[in-house]
Every structure is written in C-alpha cells, then in structure tokens.
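Student: For the protein sequence lines, the chains are A and B, in the order given.
Residue 57 is where the first sequence starts when you use the numbering used here, and the numbers rise one by one after that.
Residue 40 is where the second sequence starts when you use the numbering used here, and the numbers rise one by one after that.
For the record, the hints were derived by calculation from the structure and aren't laboratory data.
No residue lacks a Cβ here, since even glycine has one placed at the ideal position from N, Cα and C.
Be aware that one or more of the hints could be misleading.
Here are some chain B residues the structure puts well away from chain A; computed CB gaps all over 12 Å [to be verified]:
#1 S49
#2 Y52
#3 Q99
#4 I268
#5 L305
#6 I335
#7 I348
#8 K412
#9 T416
Listed below are several chain A residues computed to face chain B (Cβ distance under 7 Å; list not exhaustive) [as the list claims (entries may be wrong)]:
#10 K135
#11 P136
#12 H137
#13 F159
#14 S162
#15 Q283
#16 F285
So these bits of chain B aren't anywhere near chain A, every CB distance computed over 10 Å [as the list claims (entries may be wrong)]:
#17 L42
#18 K88
#19 S101
#20 S113
#21 L259
#22 S260
#23 L308
#24 F354
#25 Y365
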Amino acid sequence: MNEEKIVISVKDLVVAFGSFKAVDGVSFDVRRGEIFGFLGANGAGKTTTIRTICGILNPTSGTVKVNGQDVSSSTAVLKPHIGYMSQKFTLYPDLTVRENMNFAGSLYGMSPEAISRRARELTEFIGLPHDLPDPVSHLSGGVKQMAALASALLHEPDLIFLDEPTAGTSPATRVAFWDLIRRLARQGKTVFVTTHYMDEAEYCGRIALMERGKIVAMGTPQELKDQFFAVKPLELSFLKPVQAALRAALDKAGIASAVFGDKLRVRAHDRQAFNRAARPFEGAFEAREVPPALEDVFLEAVSGRKGV
Amino acid sequence: MKLSLRRVRSVAYKEYKHILRDPFTLIVALVLPLVFVGMFGFVIDLDYKHMRVFVRDNDQTSVSRRFLQEVASSGYFDLTPVHGQLQADKALGRNDSPALMIIRSGFGKNVRAGDPAKPGQIQLLADGTDNVQAGIMGTYMQGVLQKANAVFMRADPVLAGQSIAADSLIRSRFLFNPELNSRWFIVPALSTIIIGLLAIVLTALTVAKEWENGSMELLLSTPVRPAEIVLGKLIPYFLLTFFDILIVFALAIYVFHIPFLGSFLLYMLACGVYITGALALGLVISVVTRQQQAAIQFAFAVGLLPSFIFSGFMFPIENMPVFFQYFTALFPQRWFLLISRTVFLSDAAPVTLAAAFAGIGLFAAVMIVLAVKKFKTDVEP
Numbered sequence: 057m058n059e060e061k062i063v064i065s066v067k068d069l070v071v072a073f074g075s076f077k078a079v080d081g082v083s084f085d086v087r088r089g090e091i092f093g094f095l096g097a098n099g100a101g102k103t104t105t106i107r108t109i110c111g112i113l114n115p116t117s118g119t120v121k122v123n124g125q126d127v128s129s130s131t132a133v134l135k136p137h138i139g140y141m142s143q144k145f146t147l148y149p150d151l152t153v154r155e156n157m158n159f160a161g162s163l164y165g166m167s168p169e170a171i172s173r174r175a176r177e178l179t180e181f182i183g184l185p186h187d188l189p190d191p192v193s194h195l196s197g198g199v200k201q202m203a204a205l206a207s208a209l210l211h212e213p214d215l216i217f218l219d220e221p222t223a224g225t226s227p228a229t230r231v232a233f234w235d236l237i238r239r240l241a242r243q244g245k246t247v248f249v250t251t252h253y254m255d256e257a258e259y260c261g262r263i264a265l266m267e268r269g270k271i272v273a274m275g276t277p278q279e280l281k282d283q284f285f286a287v288k289p290l291e292l293s294f295l296k297p298v299q300a301a302l303r304a305a306l307d308k309a310g311i312a313s314a315v316f317g318d319k320l321r322v323r324a325h326d327r328q329a330f331n332r333a334a335r336p337f338e339g340a341f342e343a344r345e346v347p348p349a350l351e352d353v354f355l356e357a358v359s360g361r362k363g364v
Numbered sequence: 040m041k042l043s044l045r046r047v048r049s050v051a052y053k054e055y056k057h058i059l060r061d062p063f064t065l066i067v068a069l070v071l072p073l074v075f076v077g078m079f080g081f082v083i084d085l086d087y088k089h090m091r092v093f094v095r096d097n098d099q100t101s102v103s104r105r106f107l108q109e110v111a112s113s114g115y116f117d118l119t120p121v122h123g124q125l126q127a128d129k130a131l132g133r134n135d136s137p138a139l140m141i142i143r144s145g146f147g148k149n150v151r152a153g154d155p156a157k158p159g160q161i162q163l164l165a166d167g168t169d170n171v172q173a174g175i176m177g178t179y180m181q182g183v184l185q186k187a188n189a190v191f192m193r194a195d196p197v198l199a200g201q202s203i204a205a206d207s208l209i210r211s212r213f214l215f216n217p218e219l220n221s222r223w224f225i226v227p228a229l230s231t232i233i234i235g236l237l238a239i240v241l242t243a244l245t246v247a248k249e250w251e252n253g254s255m256e257l258l259l260s261t262p263v264r265p266a267e268i269v270l271g272k273l274i275p276y277f278l279l280t281f282f283d284i285l286i287v288f289a290l291a292i293y294v295f296h297i298p299f300l301g302s303f304l305l306y307m308l309a310c311g312v313y314i315t316g317a318l319a320l321g322l323v324i325s326v327v328t329r330q331q332q333a334a335i336q337f338a339f340a341v342g343l344l345p346s347f348i349f350s351g352f353m354f355p356i357e358n359m360p361v362f363f364q365y366f367t368a369l370f371p372q373r374w375f376l377l378i379s380r381t382v383f384l385s386d387a388a389p390v391t392l393a394a395a396f397a398g399i400g401l402f403a404a405v406m407i408v409l410a411v412k413k414f415k416t417d418v419e420p
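Isolated chain A, as found in the complex (with noise of 0.2 Å):
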C-alpha cells in the first residue's frame, strides 16, 4: 500500500469499558480518496472505533494515526480536517435546518458568507429542500439525515466519517445517500462508513468485517468473495415442500444454509457431502450455481471460516 495515500493508520487498537472489549486488538490503513466500509452486526465494535478514530473516544492501547499525527494528542488540530455524521441523530431538534448549520460552521470558525455559500452548495449537492423553515424535529427521518449529513459537510473536511448513515431510512434514501456517497470520493473525499445492511457493502472500496470487537476479514468485496468461496454457493428452489427436511439434514451434514424469501441458499464448499445430504431430496428441488453475496462472506467469516 502506497504510505502517501494513507490517511487513518490503526495500530493493534484496543479500546475497553471496564472489564469489556469494544474493540479488541483491531488493525487496519485507509486510503486517500477511498470508501472504506466497516461492516457488523450491532455491538461488533464498530461505532466505538469511529469515534476513536474520531478523537472522542480515547483509546485504551494500541495507536490511532490520522493524516500521519497521533489522534491522542493532536485532537485539536485534526478536527477541523474530520466531518463526522454520529449513528445517533445529533442535530439540535428545536433549531431549523439552517441554524444547525450555521451552529456548525460558526464552531468551525466559518464565516457567516462562508456558511452560507457552503450551505447553499450542500442544498444543491445533497438535494435539500431549498426553504425548510421548521424546527428540524418536524423533519421527515429521510430530510433529517441528509441535514446531519450536510452539517457534517459543511466546513469541507477531507475525512468524512459515517456512522450507519441509513440506518431506519428509506430504499429510496439509501439510494440517494450512496449516491452522494460516491459522488464524495470522486471529489477526492476519504469516506469511512459504518453499515450493517451488506448490500450497501458492496458500494465500498474496501470493507472490513467486525464481529466482536475484532476484523474478521477485510478487503475489497471481490476479493472477499474470492477468498471465502472458490466454490460458489447454491441457490436451491423447491417443486415439493421439504425445504425444512432438507435444512435439517443440511445442518446435521454440517453445512450451513439461509433462507432467502422462498429459495435455501447453501455454502456447499465440498460438493459431494452436500450431494450426500440432499439424496433423500432428489427431485424435489432445483439448484444452481450463483454468485456469492457479501452477506454469504460475512455469514462464512463469523462462522470462523478463513476462506477456501
């Protein structure tokens, strides 16, 4: 990996509560311009190094480096460089859209033109309504997002940090939301994004997959795919009702399978002990061969499979 380009180096990170690991032992480097996804259930540790990484959280070992200066003790000066949008609604309910932003920008050391000129940008950029004269909590979850958002923006910072940026909203603002998204990093932008939705994974540069406080596996999508299945996964559609016997016979075979709407999808690595299970079945299910999904990379990393 090229050093010039990297942006936030994490070092053996540890951060504790007490006798718990949020984050136990975690490694990894940024790129400049890249969209780096860290990827997790709830609970994996995946907020707590966020907000290390952004300065609000200290660490309990290990080194935090952004733009090459130790987060602990250069929090001040990395700041302004850093726009984080928190995982938990952060803007002040009773102010409007605008005097949230200008809030911001003022502790930012903006100046009343700049903000606006700023602001007036991000309505564009992100698509805001144009007047929004309502205390934000009047605000639909979709509009309130893309406010934290654009306050996040507003004093243009070179590392923008998203916290579950679309956790609770619409398809249709997951969309936008990704869009922008891209559209940052083309700007030159470093965009470190926190999502337990995998599909929206698949939009990253690179991800790292968090469970318990540990990077279970990291790389780009393609490259995580290829590494847990060089035998792609089946997709199983079913003429007669024995999915549940089948799932069962499955699971006593020892392979694993999920339930995607009315189809089984199984990680049948060695094909001959599932050929073996699935016997009894013949005739009574259809299979083939599909790409294996982000979600069936995750499903195989936190069942403790280190790629075949």
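Position chain B against the provided structure of chain A, taking the given hints into account.
Tutor: Coordinates of chain B only, in the frame set by chain A:
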C-alpha cells in the same frame, strides 16, 4: 489553542435560541420570580403603624419626655406608660404589645453632655415570637432615633456647634435576637436567592440535555473547547436571570416601597456575581451527572438547603456552633444575604463588604473552573 470568543458567542447564541423556543424555561425564568416577589410583597404586610409599646421612663426629665414625644409623633408607635419593674414585666408578657421600651436614668444628662462615649441609652425589649413585627419595629425605631438625634442637635446650641455623629446621642440595643431586624428588607434579596436556585436548575439541565439527546457527540467532534461551551452557556442564562433581578428589584422598590439606602450599583454587582456562581454551580452539576433527572434532583438539593439553612436567613449564623459558623462561609447565599442586608439598610462603604464580595466571587470562580475541568471531552459511558 486559545479561547475563541467567536465560538463562545456561537454557543451563547444557540442557547439563546433554545431558551426562546422552550416554554418551560421561559415560564420558569420569567414568571416565577414575579410570582415570588409578588407573593412576598403582598403576604408580608409592610404597613405596620400604631404598634403598641409600653414605656418605662426611669429618667423622667424634659429630654426623655421630649424623646418620647418624637417617638409618638412618628405614628408608628402608640406609647403606654408603665411604672415599676413588676408592671413592666407583666406588660411584656401581654399579647397585645410587641415591646417594652425602658429609658434609663441619666438619659437626659448623657444626651445633654454630648459625649459620644456615653450616649443616652434606651432599651427596647421586643417580643421575638412575632419576629417579623419585632424586626420591623427595630428598623422603625432606628429611624426614629436618628430623627430624634437630629432634633436634639438642632435644639441645643451647645450640641449644634459640635461635630457629633447623628446616632451618638441616643443608641438602642436590642436584647432579643439582634439579627431579626426587618426581614422585609431582604425580600428582594430572598427573591434573588430564589432566582439563584432557579439559575442552578436552568443550567443544570443544559449540558445533561446535550448528553441525552446526543448533540454532545456532535459538539465534541468539533474544535469547540469545554471553556467555550461553559462560557457560551453561562452568558444567555446570566442575561435572563439578571433581567429577572432587575424586575424583582423594581417591583420591590416601586410597587412595594421597600426602602433602599445603599448603592444600587454595588447591589447589582453583588447580584451579578452571585448569579454567576449559581449558574456555574448548575453547570457543574450538569457536567458531572450528564442526566437531566439526576441533575434536577441534585440542583434542588444543592440549591435549596444552603439557601435557607446556612445563609443566616432562617437561623442566625451568630447563634450557630462555631464549626457551622465557619462552614456557612462556603455558601455564597450567606455572603449575598450579608451584602443585601448591609446595602439595603445603609450606605456602607464598599470596603466593609470586601470579605462578602470575596466569598461570592471566589465561589463563582471556583465553580466556573470546576465546570470546565470536569467537562468530559470524550463519549465514554
């Protein structure tokens, strides 16, 4: 990195917007003080006249008779002469009289001698069971004494030529509870202490609210510093509560006609410093608890108890055990009441209040520093 006044102003402006849009804060801050001062003003009857006072004149000279004429002509006191100790003791025990005045023998002689070291003496024994009336009587009597002094000085050509202080001819000494003097002088002071309590509650909510609604996370991710947040939050609440104090003061003086003898500027300075300490204490509570419910409970406990118990308002500090006399020095309420009393009752030189001003000033400074130092700059639970 230095303190940015611009960021302080931004935080202050944001708080100002919160206040404007929060009906609870506005009602608490603007309506309650008016209710308090109105309540005190109406409940405490200020128009004490024709208070019955028994008089035992042991001097029986033209001076003592002249003095009693002055007392009677004030309109505040109806004098009833008593003779002998037994009758005097009985008089004091009667429910229809709040006081017994004893003029000592030699009174006339001492007044005429004009020696400040040996003034004419009267003794006023007031019934302490009605401490409000007793206090008011004491204050009225002070006024009457001053007037009588002036009259004697004018009437006597020998005395008029001498530079004798107006109060040195006749002095009064209160036998019971000398701290009682005129509780209603401190109505505005008490209102200010209640405004101080409100101030603690108001600011106790502000930081805790930011933690609870998540906006603190946003604040901490920006370059804003704890000192800027603390000062920014203090300023609008200071203006709001100081506005309250002005209203309360105006009501007390112009509507309830409470006398004010001292320096207005000195009193306002004391109010400003006192309120700053109260607001900063609220912030300390908020910064430490980070939860609105805990903060408000804490604020009431911390604000209410010292206001009434350790301020000298309910229990005279001079009567407390020595340890508690020193202990009360920790509470700004004690010093503020002392300043109020002095400034309301007299035009005492500011230097006499230096210790009291140091008390409230030190408290405010310590609280501001504590609020900044205890401000958590990370989101660790």
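Student: Compare the structure with each hint and give your call.
Tutor: Verification of the supplied hints:
| no. | hint | verdict |
| --- | --- | --- |
| 1 | S49 | 4 Å, violated |
| 2 | Y52 | 8 Å, violated |
| 3 | Q99 | 76 Å, holds |
| 4 | I268 | 10 Å, violated |
| 5 | L305 | 37 Å, holds |
| 6 | I335 | 19 Å, holds |
| 7 | I348 | 37 Å, holds |
| 8 | K412 | 17 Å, holds |
| 9 | T416 | 8 Å, violated |
| 10 | K135 | 5 Å, holds |
| 11 | P136 | 6 Å, holds |
| 12 | H137 | 10 Å, violated |
| 13 | F159 | 5 Å, holds |
| 14 | S162 | 4 Å, holds |
| 15 | Q283 | 34 Å, violated |
| 16 | F285 | 38 Å, violated |
| 17 | L42 | 12 Å, holds |
| 18 | K88 | 53 Å, holds |
| 19 | S101 | 75 Å, holds |
| 20 | S113 | 57 Å, holds |
| 21 | L259 | 5 Å, violated |
| 22 | S260 | 4 Å, violated |
| 23 | L308 | 31 Å, holds |
| 24 | F354 | 43 Å, holds |
| 25 | Y365 | 41 Å, holds |
Hints 1, 2, 4, 9, 12, 15, 16, 21 and 22, counting from the list given before, are not met by this structure.
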